[in-house]
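A.B. asks: What follows is each chain in one-letter form.
Protein chains: 2
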Amino acid sequence: MIKTRFTEMFGIKHPIVQGGMQWVGRAELTSAVANAGALGFLTGLTQPTPDDLRKEIKRCREMTDQPFGVNLTILPTLVPRPYGEYIDAIIDSGIKIVETAGNNPKPFLPKMKEAGIKVIHKCTSVRHGISAEKVGVDAISMDGFECAGHPGEDDVPNLVLLPAAANVIKIPMIASGGFADARGLVAALALGCEGVNMGTRFMATKEAPIHQNVKEKIVSSDERNTALILRTMRNTSRVYGNSVAHKAIEMEGEGKTIQEIGPYVAGAKGKVVYETGDLEHGIWSAGTCMGLINDIPTCKELVERIVSEAEEMIRGKLAKAIAA
Amino acid sequence: MIKTRFTEMFGIKHPIVQGGMQWVGRAELTSAVANAGALGFLTGLTQPTPDDLRKEIKRCREMTDQPFGVNLTILPTLVPRPYGEYIDAIIDSGIKIVETAGNNPKPFLPKMKEAGIKVIHKCTSVRHGISAEKVGVDAISMDGFECAGHPGEDDVPNLVLLPAAANVIKIPMIASGGFADARGLVAALALGCEGVNMGTRFMATKEAPIHQNVKEKIVSSDERNTALILRTMRNTSRVYGNSVAHKAIEMEGEGKTIQEIGPYVAGAKGKVVYETGDLEHGIWSAGTCMGLINDIPTCKELVERIVSEAEEMIRGKLAKAIAA
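Protein sequences appear in the order of chains A and B. 811 is the number of the first residue of the first sequence in the numbering used here; add one for each residue after it. 811 is the number of the first residue of the second sequence in the numbering used here; add one for each residue after it.
Some clues are possibly wrong.
[Claimed, not checked] Cross-link-like lysine to any residue pairs, in silico, SDA-like; alpha carbons within 20 Å at most: (1) B:K980 / A:G1126; (2) A:K1127 / B:R1125; (3) A:K980 / A:S935.
Keep in mind that the hints were calculated from the coordinates and are not lab data.
Next up, chain A with everything else stripped away, as it sits in the complex (with noise of 0.2 Å):
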């Protein structure tokens, strides 16, 4: 076991987060990690309405009777969703953990609060992390350079974000993009956070909700398999480095506008590749731990063994290494 202020806060068993994750942040991954003792989160926004996200949780409740969060993430889209009502159904439905990314949640923290709702936020900067401390979340998931998704456009990996972060934010931080196993959760430690979010390493489970050609596709790749599209927008997210990625780099590389790149980008594209497993069909998400990740186990298998190893770690290797 290992406890952190995270582990307290939460109430959960283990500091591993699975945080929200489009189309794959569903009810079968989200009570598989609870029922592991590791904290997951619904994806709010891949429910198309409120009801539906109402009803997701309502299955995910049916799979677990563990505490699990729903993610918000706050961005613009081309069809604007109306995150209050996302908000309420959450609130309605007794959800006590809420990960929001994104903007700056300080508009809907109030209702929150008042719901009694912690909420981690998750960003991608020292700054940022400030901004979030001072409005009220109550923790914070900082994301490196490293993660699939949007890294933000300052390209700092964890290993100096999340000690420089650490040096200023006092409440519970944890560590996310590039964690795949009990090597990354004892750095995280050391580096001064309290606990591991894991997207890509959740994908490739047995209960994550896509196409087993992903899951494999992630175990065969490695470090140097993922692209970073719509850098020249300011806008860049980490992608698995297929050819729909590298011909989107290629259209921002002739000065194409969003409006003509949109098509190749289109996340629904994403959904369809995690349900048919046709991988270049579209983008799809995957960071850089596809280096580290070489099978497909169950969450549980997955949570024990990266919290044993650590133990072990701390216990063997780092205790021998302050004894000789």
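Starting from the known structure of chain A, arrange chain B on it as the hints suggest.
C.D. replies: Structure of chain B alone, referenced to chain A:
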């Protein structure tokens, strides 16, 4: 005290290395690092001729009776350097530890091995690490995207690069790029390494033979103040993000040739920066770990602080996390 396979192999007290730094790795710094119980390297090519290197080694010996090494960076230069003669100077001077960087050191290994020299090869990818192990180097210094100088073109941060390399490399490996404090050292051990290499952190020490302005600029800057130049030429270099670096990047964006950009990025101008403290005179190297550097200690203070805080973390925070 922290003992690892690396400290044993190289007969040093602490698992901390001050690797080669052009214009910075001179006798003043390297001897101070050696006297602090860490492993310092004179930068071979900072000396204009092999005979000058002989003199510099002698000068360093007069300042320490502890082991130190010489770095030899094998890269194409505008004016070809007589690497064989530099190696003769190293061997003749009785140096027993060499850090190679840049190209594969294979052609130079037999001569060094015959002279009883142990070779640490610095590289920036798993595949180059495997090659170096195969040709017979004794240890690897694995350099992530965080680093000052040449991070390669893969952009893989150490959080992923190090454990991915540790999965396949059997000889001792030290971690380079992004390291500046005890947190980094413990993280490096957790990620599968046997010590850390630090460059930028050693620049901001009392003994570093560079202008005080440079040291103070490192202290006042953060993790966002570096710039990557020569990306478009696939010869990326991470340098301090001053006006000269940004001008070079602008010229690259305009499609200017290396002949046109060359005068802006000439390394010899960095030498003038270090000598005069005119921070905008030319490009000079600095890594992302500037965000973790807040003082200008002596090398002895720095090394002892890192080791004692690392021990404290292993005995304290980490041991407590698993004892709960």
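A.B. asks: If a hint holds in the structure, say so; if it does not, say that too.
C.D. replies: Comparing the hints with the structure gives:
| no. | hint | verdict |
| --- | --- | --- |
| 1 | B:K980 / A:G1126 | holds (19 Å) |
| 2 | A:K1127 / B:R1125 | holds (13 Å) |
| 3 | A:K980 / A:S935 | holds (15 Å) |
Going down the numbered hints, you'll see the structure goes against none, and every one checks out.
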